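J.: Sequence:
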Amino acid sequence: MSTVKNFIREDNGVTAIEYGLIAALIAVVIIAAITLVGTNLSAKFQYIATKLT
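Plus 427 on top of the position in the sequence shown (first one is 1) and you've got the working numbering.
I should point out that these hints are in silico values taken from the structure, not numbers from a laboratory. Please note that a few of the clues may not be correct.
To be verified - Across the chosen pairs, the derived CB separations fall in these ranges:
1) Leu-479 x Ile-444: 47 to 55 Å
2) Thr-430 x Ala-459: 40 to 48 Å
3) Ile-475 x Val-441: 28 to 36 Å
Quantities reported herein were computed from a predicted structural model and do not represent experimental measurements. By construction, the Cβ of each residue, glycine as well, lies at the ideal position given by its N, Cα and C atoms.
Using the sequences and the accompanying hints, generate a full structural model.
T.: Set out below in structure tokens:
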């Protein structure tokens with residue numbers, strides 16, 4: 428019976444899942460930011476290339 432109580436009280440798995448979700452959210456934000464910056468940077472280079480020719 429004490430083993431079942433210890434298993435219910437154990438929260439290491441929950442903490443690991445929370446850290447995993449936080450890491451995934453941070454990764455999504457970084458990917459979105461890099462994509463946005465890349466798109467804007469590409470447009471700037473295209474504008475500069477057009478003005479040079």
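J.: Against each hint, give a clear statement of whether it holds in the structure.
T.: Results for each hint:
no.: 1; hint: Leu-479 x Ile-444: 47 to 55 Å; result: holds, 52 Å
no.: 2; hint: Thr-430 x Ala-459: 40 to 48 Å; result: holds, 45 Å
no.: 3; hint: Ile-475 x Val-441: 28 to 36 Å; result: violated, 51 Å
The structure fails to meet hint 3 from the earlier list, while all remaining hints are met.
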